[in-house]
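Protein chains: 2
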Amino acid sequence: MIETITSIQNAKVKKWQHLTTKKGHQKFHQYLVEGWHIVGDAITAGQPVVQIAATAAQLEQHQADFPNNVEQFEINDEIAKKLSDTVTPQGIFAVIDILPANHVTPDTVSGAWLLLDRIQDPGNIGTMVRTADAAGFKGVVFGKGTASRYTPKVIRSMQGSQFHVQLTEGDLTEWVNTLKDRQMPVYGSALDEQAKDYQTVTNQADFGLIMGNEGQGMSADLMAATTINLYIPIKGDAESLNVAVAAGVLMFQLNHDL
Amino acid sequence: MIETITSIQNAKVKKWQHLTTKKGHQKFHQYLVEGWHIVGDAITAGQPVVQIAATAAQLEQHQADFPNNVEQFEINDEIAKKLSDTVTPQGIFAVIDILPANHVTPDTVSGAWLLLDRIQDPGNIGTMVRTADAAGFKGVVFGKGTASRYTPKVIRSMQGSQFHVQLTEGDLTEWVNTLKDRQMPVYGSALDEQAKDYQTVTNQADFGLIMGNEGQGMSADLMAATTINLYIPIKGDAESLNVAVAAGVLMFQLNHDL
Numbered sequence: 002m003i004e005t006i007t008s009i010q011n012a013k014v015k016k017w018q019h020l021t022t023k024k025g026h027q028k029f030h031q032y033l034v035e036g037w038h039i040v041g042d043a044i045t046a047g048q049p050v051v052q053i054a055a056t057a058a059q060l061e062q063h064q065a066d067f068p069n070n071v072e073q074f075e076i077n078d079e080i081a082k083k084l085s086d087t088v089t090p091q092g093i094f095a096v097i098d099i100l101p102a103n104h105v106t107p108d109t110v111s112g113a114w115l116l117l118d119r120i121q122d123p124g125n126i127g128t129m130v131r132t133a134d135a136a137g138f139k140g141v142v143f144g145k146g147t148a149s150r151y152t153p154k155v156i157r158s159m160q161g162s163q164f165h166v167q168l169t170e171g172d173l174t175e176w177v178n179t180l181k182d183r184q185m186p187v188y189g190s191a192l193d194e195q196a197k198d199y200q201t202v203t204n205q206a207d208f209g210l211i212m213g214n215e216g217q218g219m220s221a222d223l224m225a226a227t228t229i230n231l232y233i234p235i236k237g238d239a240e241s242l243n244v245a246v247a248a249g250v251l252m253f254q255l256n257h258d259l
Numbered sequence: 002m003i004e005t006i007t008s009i010q011n012a013k014v015k016k017w018q019h020l021t022t023k024k025g026h027q028k029f030h031q032y033l034v035e036g037w038h039i040v041g042d043a044i045t046a047g048q049p050v051v052q053i054a055a056t057a058a059q060l061e062q063h064q065a066d067f068p069n070n071v072e073q074f075e076i077n078d079e080i081a082k083k084l085s086d087t088v089t090p091q092g093i094f095a096v097i098d099i100l101p102a103n104h105v106t107p108d109t110v111s112g113a114w115l116l117l118d119r120i121q122d123p124g125n126i127g128t129m130v131r132t133a134d135a136a137g138f139k140g141v142v143f144g145k146g147t148a149s150r151y152t153p154k155v156i157r158s159m160q161g162s163q164f165h166v167q168l169t170e171g172d173l174t175e176w177v178n179t180l181k182d183r184q185m186p187v188y189g190s191a192l193d194e195q196a197k198d199y200q201t202v203t204n205q206a207d208f209g210l211i212m213g214n215e216g217q218g219m220s221a222d223l224m225a226a227t228t229i230n231l232y233i234p235i236k237g238d239a240e241s242l243n244v245a246v247a248a249g250v251l252m253f254q255l256n257h258d259l
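Protein sequences appear in the order of chains F and B.
This note's numbering applies: residue 2 is where the first sequence begins, and numbers increase by one.
This note's numbering applies: residue 2 is where the second sequence begins, and numbers increase by one.
If we strip away everything but chain F, and leave its shape as in the complex, we get (with noise of 0.2 Å):
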């Protein structure tokens, strides 16, 4: 039973709107995503899609690779483009229910770990996550400050990545401290050259990288507490580097084969 929506001014439509705010997602502990790409991947990671809403011929396309039991309903173009995030929506949005099973503690994992503390701008967020995938790191974890890894932009740049690396919120200073009681070192980044040059440093199988806020960098407290600080020496007159490309160069070189 496919039940169909006409009003942009329906309940369900104002909900699923909701659901690419922050306060939605605290209230309702679900998400909205758009487009097959994400969608199609969201199914096939086994992510719990609860409900689907898409225009006649998108539902039709897609039907067979829907979840069994999920809520289906036709939609059509106007409320598509209220729910978009694009200026062309595909006309395919999913719910997906934001499970409290995905809380990630720090005293058991293994492999490389991406700490973002305070990042801000949801496409770099949404790039470092698919940089992180990648590059083969284990998971990525978003500190106190570091914007909602559930709204729309973010969601678009990760590209699929989510599904594919572990995500957590955490707090940062505990991760730190468990991974170095644990003989992980972490590693911050600076543009402080008194920090360490990061192709000096010698691969290892299991430790911790944290990138800062885009204007601010990482916090002073956190910059005291890891392992070693490092940094990427720049050779022209740029002032920095923009953090998810900083946090690519660093990413393939801690993370290339032993």
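If you're looking for bench data, these hints aren't it; they were derived computationally from the structure.
Keep in mind the model is a prediction, meaning the values are calculated, not measured.
One or more of the hints may lead you astray.
[To be verified] One side only, chain F facing chain B, incomplete, derived with CB under 7 Å:
| no. | residue |
| --- | --- |
| 1 | Ala-135 |
| 2 | Ile-235 |
| 3 | Lys-236 |
| 4 | Asp-238 |
| 5 | Ala-239 |
| 6 | Asn-243 |
| 7 | Val-250 |
| 8 | Phe-253 |
| 9 | Leu-255 |
[Unchecked claim] Cross-link-like lysine to aspartate or glutamate pairs, in silico, EDC-like; alpha carbons within 20 Å at most:
| no. | chain 1 | residue 1 | chain 2 | residue 2 |
| --- | --- | --- | --- | --- |
| 10 | F | Lys-154 | B | Asp-122 |
| 11 | B | Lys-236 | F | Asp-42 |
| 12 | B | Lys-181 | B | Glu-170 |
| 13 | F | Lys-154 | B | Glu-240 |
| 14 | F | Lys-236 | B | Asp-42 |
| 15 | B | Lys-139 | F | Asp-238 |
| 16 | F | Lys-23 | F | Glu-175 |
| 17 | F | Lys-236 | B | Asp-78 |
| 18 | B | Lys-139 | F | Glu-240 |
| 19 | B | Lys-15 | B | Asp-78 |
| 20 | F | Lys-139 | B | Glu-240 |
| 21 | B | Lys-154 | F | Asp-122 |
| 22 | F | Lys-139 | B | Asp-238 |
| 23 | F | Lys-154 | B | Asp-86 |
| 24 | B | Lys-236 | F | Asp-207 |
| 25 | B | Lys-154 | F | Asp-207 |
| 26 | F | Lys-154 | B | Asp-108 |
| 27 | B | Lys-154 | F | Glu-215 |
| 28 | B | Lys-154 | F | Glu-240 |
Glycine included, each C-beta is placed from N, C-alpha and C at the ideal position.
The hints should help you fit chain B onto chain F, whose structure is shown.
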């Protein structure tokens, strides 16, 4: 003498707005930049700044740093908002001449050069120019189909690096052939695992590196014309890297100290 402009219907305001578009750049051979960070950088770099439009407060604050012969205009907040590409405009703008002398040809260049093949996203383009600067590249060549370097979003993400490295438009096929004739290797970038692992390349002082379109990668013709094509091994399940991140990883690897 400072002319005061109070109406957003004023012809100068309309022209300045036009200078944020590709059509405007072609018609007037000028472009508009915004914010003291970039206006100040342009002046310091000796760029041909011909007009400054700013609020009374901004004019007063930066007066000492203006070039002698620059035309000055006082504008109000409403005009600043109209001209601005940001949510909270700083209230200072400059008109800069686009000089034909900026054109660079491949038959005399040395050092590392980044070649952009049909890159679409303004943020990616700007970030690559900023990273090229930081990685010690000499310049960036904008191939046909790559978005204009004079639009507000590209300018904002370049963060002043356009005044530190040489930027030019160029025919990439001509660049590749001329560099190769001059014994400078030209590296393509590919997702193809049949390409060469980027970490196995020996550093060179003089070379070209091509980055391709976000969705389609480099054109097949260019791919066939390069000295060799490189790929970054993907370890996780990500399908690809963001092009600006990939460019960062490649540029810092290829241009690290010999």
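For each hint, the structure was consulted:
With a least beta-carbon distance of about 4 Å to chain B, the hint placing Ala-135/F at the interface is held under the 7 Å criterion. Restraint check, Ile-235/F versus chain B: the minimum CB separation of about 5 Å is within 7 Å; hint holds. For Lys-236/F, the interface hint holds, the least distance from its beta-carbon to any beta-carbon of chain B being 3 Å, beneath 7 Å. At a threshold of 7 Å, the smallest CB-CB gap from Asp-238/F to chain B is about 4 Å, leaving the interface hint in force.
Look at Ala-239/F: its Cβ gets to within about 4 Å of chain B, closer than 7 Å, so that hint holds up. Interface hint at Asn-243/F: satisfied, since its Cβ lies 5 Å from the closest Cβ of chain B, which is below the 7 Å cut-off. At its closest, the beta carbon of Val-250/F sits 5 Å from a beta carbon of chain B; the interface hint therefore holds under the 7 Å criterion. Checking Phe-253/F against chain B: minimum C-beta separation of about 5 Å stays under 7 Å; hint holds.
Interface hint at Leu-255/F: violated, since its Cβ lies 12 Å from the closest Cβ of chain B, which is beyond the 7 Å cut-off. Straight-line distance between C-alpha atoms of Lys-154/F and Asp-122/B comes to about 15 Å, which keeps the hinted pair within the 20 Å bound. A threshold of 20 Å between alpha carbons decides the hint, and for Lys-236/B with Asp-42/F the separation of about 18 Å falls inside it, so the pair holds. Proximity of Lys-181/B to Glu-170/B is assessed by CA-CA distance (about 19 Å); at most 20 Å being required, the pair is judged to hold.
Annotation: proposed proximity of Lys-154/F to Glu-240/B holds, straight-line Cα distance about 19 Å (limit 20 Å). Taking the CA atoms of Lys-236/F and Asp-42/B, the gap is near 18 Å; set against the 20 Å cutoff, the hint holds. Proposed proximity of Lys-139/B and Asp-238/F is supported: the alpha carbons are some 11 Å apart, at most 20 Å. Taking the CA atoms of Lys-23/F and Glu-175/F, the gap is near 24 Å; set against the 20 Å cutoff, the hint is violated.
The suggested pairing of Lys-236/F with Asp-78/B is violated, with an alpha-carbon distance near 39 Å, which exceeds 20 Å. Distance restraint check for Lys-139/B and Glu-240/F: the Cα-Cα separation of roughly 16 Å lies within the 20 Å cut-off, and the hinted pair is therefore satisfied. Distance hint between Lys-15/B and Asp-78/B is fulfilled; the C-alpha atoms sit about 15 Å from each other, no more than 20 Å. A threshold of 20 Å between alpha carbons decides the hint, and for Lys-139/F with Glu-240/B the separation of about 16 Å falls inside it, so the pair holds.
Our distance criterion of 20 Å between C-alpha atoms is met by Lys-154/B and Asp-122/F, whose separation comes to about 15 Å. Among the hinted pairs, Lys-139/F with Asp-238/B is consistent with the structure: their alpha-carbon atoms are about 11 Å apart, no more than 20 Å. Among the hinted pairs, Lys-154/F with Asp-86/B is consistent with the structure: their alpha-carbon atoms are about 19 Å apart, no more than 20 Å. With a C-alpha separation of about 15 Å, the suggested pair Lys-236/B and Asp-207/F falls inside the 20 Å cut-off, and the hint holds.
A distance of roughly 39 Å separates the Cα atoms of Lys-154/B and Asp-207/F; the hinted pair therefore is violated under the 20 Å criterion. Taking the CA atoms of Lys-154/F and Asp-108/B, the gap is near 43 Å; set against the 20 Å cutoff, the hint is violated. In summary, the hint linking Lys-154/B to Glu-215/F is supported, as the alpha carbons are separated by about 17 Å, within the 20 Å threshold. Taking the CA atoms of Lys-154/B and Glu-240/F, the gap is about 19 Å. The hint holds against a cut of 20 Å.
In summary, the structure is inconsistent with hints 9, 16, 17, 25 and 26 from the numbered list given earlier, while agreeing with the others.
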